[in-house]
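Please dock the two separately framed chains into a single complex, following the hints provided.
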Amino acid sequence: MNKHHHDMRTFIFITLLFLTSSAFGQCKSFTKNTCRPMLEDFVPNENFNSTMLVPGDEAELKLTFYGGQEYRLLVCGHPVLGELEFTVMDKKKNELYKRSADNPDAFFDFRPESTQQILVKVNVPMRENPNELIHEGCVSIMVGYRETN
Amino acid sequence: MLQRYQLNKSIFVAITSKAPDMRIQKLANLSLAIIVSIGMLSGCQCSNPDSQKEITDVETDSTDGTKGEENKLQKVQEIFYTIPSPMEMASLLKKTGTGYESGMLNDINNVVKYTSSKRQALNLGIYGSDLSYASIFNQNQEAIIYLSCAKQLADKLGVTNAFSNETMDRIEMNIENRDSLLEIISDSFYTLDAYLKENDRQNISALVITGGWIEGLYLATSIANEQDEVPEELRKRIADQKYSLGDLIELVEGYRAAGGLDDVLADLQSLQEIYEKIEITTEDSEVTTDESSGMTIIGGGSTYELTDEQLQEISQRVSDIRTSYIQ
Chain Y
1 MNKHHHDMRT FIFITLLFLT SSAFGQCKSF TKNTCRPMLE DFVPNENFNS
51 TMLVPGDEAE LKLTFYGGQE YRLLVCGHPV LGELEFTVMD KKKNELYKRS
101 ADNPDAFFDF RPESTQQILV KVNVPMRENP NELIHEGCVS IMVGYRETN
Chain B
1001 MLQRYQLNKS IFVAITSKAP DMRIQKLANL SLAIIVSIGM LSGCQCSNPD
1051 SQKEITDVET DSTDGTKGEE NKLQKVQEIF YTIPSPMEMA SLLKKTGTGY
1101 ESGMLNDINN VVKYTSSKRQ ALNLGIYGSD LSYASIFNQN QEAIIYLSCA
1151 KQLADKLGVT NAFSNETMDR IEMNIENRDS LLEIISDSFY TLDAYLKEND
1201 RQNISALVIT GGWIEGLYLA TSIANEQDEV PEELRKRIAD QKYSLGDLIE
1251 LVEGYRAAGG LDDVLADLQS LQEIYEKIEI TTEDSEVTTD ESSGMTIIGG
1301 GSTYELTDEQ LQEISQRVSD IRTSYIQ
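Here the protein sequences come in this chain order: Y and B. Under our numbering, think of the first position of the first sequence as 1, with each following residue one higher. Under our numbering, think of the first position of the second sequence as 1001, with each following residue one higher.
Just chain B, with the same shape it has in the complex (with noise of 0.2 Å):
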């Protein structure tokens, strides 16, 4: 008999089966040997994510890996809690019109002081959306410093392939091509996402997001602290983090069971706190297309207003919130 299970957003198979005499013994043992043999191959191909070898194998195992008509199956729903990237956040702040300002980030000589793991993870969230503007920006040489403040955290949380040699040398080829720029960094953080959720390590991955969302708010609260009149594409920006906090915060509740994350869950809800005095107005959704470009245009959704004393009281609690985590 056959069940799956769904816990913590990971799939556990339990089998039980009937006392076996000596024949199913023995092929039991024959099995646990071909189990542990392709356990160790498999371990071998972990370390080369490149390889098409890997692909091979997932189709294999995939179209292999039949289970028996008589096995009960429970259905299982997975949920992913996501939200924007950084990089997505640091291209909004950029089409607000509004320069660059290297003085907002965190300071690269913090990097060697974050030792505990929660830190790390927290500040390679922080230098990650560091990195994210100054490379939308063209800060070239900036990101180069950035990348590697975030190499050394991914390195310390034992994430070595996220910012490998390789990818290291792809970008220094790539340092004056923008896009390829964004693209690889887009794609080592999205390596370093995969390889803790796949490593059981969720909590720190949910840290990662945290603080790089934490980051990509302070920046944009700074910038509009700076302007005498605040763009409305800005304090726009701004308000529709409204959304993207409560994502936030399920995703956090979500993987809150691993350990480390209350404080960081409390932070948030003092956050939401005063992102639920902002008022929302909702239109239904409306789909048509361009005709020029054929892309599907979703009309309708959500507009806000942001006064200028909501606009203050987001911006000295993520300040605070965002000086507390790089200490």
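Isolated chain Y, as found in the complex (with noise of 0.2 Å):
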């Protein structure tokens, strides 16, 4: 490789990383725009937990949900990440819902019939090409509930 490559090369990655890095900003409203609509009649918790990941980058999230109440829990990630696996316990760490083929929503609806912690465990899956160029891209886990009578 000739030096001047070598050269552009570092003049388009410095600046791509800036880029990066300035979308790390942005992810506010890619939650606001993307994912909160897919809540639908769920009215949001009103905390932000939103944020940048590269693949093989996880992220966790432990909420109290109340018994009888339905809830929406939205793991929202941009679309350059792919499908994002995740995968909902209870405070044992049993396994109550993990998305697959056969659950490929990116939301799961449920109601508990007595309170409960529950942690959600979000993975971003790596890319089958190790030799592929990473991409960083906002991921969301937004939660929602709906009054019950």
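Simulated from the structure, these hints should not be mistaken for lab results. One thing to keep in mind: the hints can contain errors.
[To be verified] Derived DSSO-like pairs (lysine-lysine); straight-line CA-CA distance at most 30 Å:
1. Y:Lys62 - B:Lys1277
2. Y:Lys92 - B:Lys1236
3. B:Lys1277 - B:Lys1094
4. Y:Lys62 - B:Lys1118
5. Y:Lys93 - B:Lys1277
6. B:Lys1236 - Y:Lys91
7. Y:Lys93 - B:Lys1236
8. Y:Lys91 - B:Lys1277
9. Y:Lys91 - B:Lys1118
[Claimed, not checked] Selected chain Y positions facing chain B (in silico; Cβ < 7 Å):
10. Val43
11. Asp57
12. Asn94
13. Glu95
14. Leu96
15. Arg111
16. Ser114
17. Tyr145
18. Glu147
C-beta atoms are modelled at their ideal positions from N, C-alpha and C, and glycine is treated no differently.
Okay, structure coming up:
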């Protein structure tokens, strides 16, 4: 590789790196405009749980869910990250739900009979080709509740 | 060589490069110029969160946000600390069958007394909780007043976009539509939290969340104290806060390094000491499906025994904490 190409790669790399960090600040807009509508008629929790991740990264959320309420748990990621994997577990780490080919939805609707803490683990899948360029994208975990009678 | 580090829940990127020759220096200068230009452009975009262009920017930025395959990456594990919202707590209070008690809410005239950012943040959470309570009980005129208090404090904290003029107009237009009102209020507090976290003011966010949670528990225990016999549903909801309190303490501890949270943490820990006395019975969870609605039901979970004495202790402690915040 000649020196000119090397310098150009350095230049592109530094510039794109900045664009990536700028995208971190834009996660709020992605969440508001793309993820929030997927909660539909569920009233959103008021905590902002979004961040920029790359393939191989993980995110975790632990939250108390009240007995008798209906909830939607939404894991929303930028398409550049591919299909995010997530698992819902109870306090004893028993698996309650796992996103898979049979359960491809990005959300999980449920009603706990009694109040309990639930743990959500999100994994950004690795790319099949390890030489592929790595993309960074926004991941949001949103929770909404729905009033029941 | 590139490495990603996680510190205080933010992602930092560090670069080390070889000594540049003149050409690299020129390219670096050019990069700097582009970065400054884009930075200014991004700043302009942030002032208009509703614009479609921002989504495009995110998509473009992310898609183009490539990193060379030779770079070594450190795996990041992001942990989110969160608790149920004051709106949800208010909704649960309504389900207990108890009535609306306006006399328990924070005096609206207090709003001018909060001059430090810490007081402003705590009381923004408290007024936010009062706003949720009034809205859930369809007390629209009171809701508007508490909304005004929340807006004043949010403005003082420099978060003007959470309760923008556009948001206030939407609320006025939807004042008779309870569902829309609840949605707009929740979205406003969500925007507020997002702004604070994206601007590295997580400690302020933690104070707002703490204020809201304390007010929710204060309302629940105050209502319980007014009853001849505390409804079982209300007693259960107060006991349920044991888990949320644990999560809240983790949240506050997580942001403690940012400063200003030590005494709030001590307050919460003093409350936790009382909650620790509550006995818990935990059963294994079991997943079934409600055939009529298709909803997944999670059985099992925990049940509590909350005695009258414990309820009184919690009530007194939360009242003392709340009084120290609203003064």
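These are the hints, each one checked on the structure:
1. Y:Lys62 - B:Lys1277: holds, 23 Å
2. Y:Lys92 - B:Lys1236: holds, 22 Å
3. B:Lys1277 - B:Lys1094: Holds: Lys1277 of chain B and Lys1094 of chain B sit about 27 Å apart, inside 30 Å.
4. Y:Lys62 - B:Lys1118: Satisfied, since the Cα-Cα distance of roughly 26 Å is no more than 30 Å.
5. Y:Lys93 - B:Lys1277: holds, 25 Å
6. B:Lys1236 - Y:Lys91: holds, 19 Å
7. Y:Lys93 - B:Lys1236: holds, 24 Å
8. Y:Lys91 - B:Lys1277: holds, 20 Å
9. Y:Lys91 - B:Lys1118: violated, 33 Å
10. Val43: It holds, given that the least Cβ distance between Val43 of chain Y and chain B is near 5 Å, below 7 Å.
11. Asp57: With a minimum Cβ separation of about 4 Å from chain B (threshold 7 Å), the hint on Asp57 of chain Y holds.
12. Asn94: holds, 6 Å
13. Glu95: Not OK, violated: Glu95 of chain Y not within 7 Å of chain B, min 9 Å.
14. Leu96: Holds - the Cβ of Leu96 of chain Y comes within 7 Å of chain B, reaching about 5 Å at its closest.
15. Arg111: holds, 5 Å
16. Ser114: holds, 4 Å
17. Tyr145: holds, 5 Å
18. Glu147: With Cβ-Cβ at 6 Å, under 7 Å, it holds.
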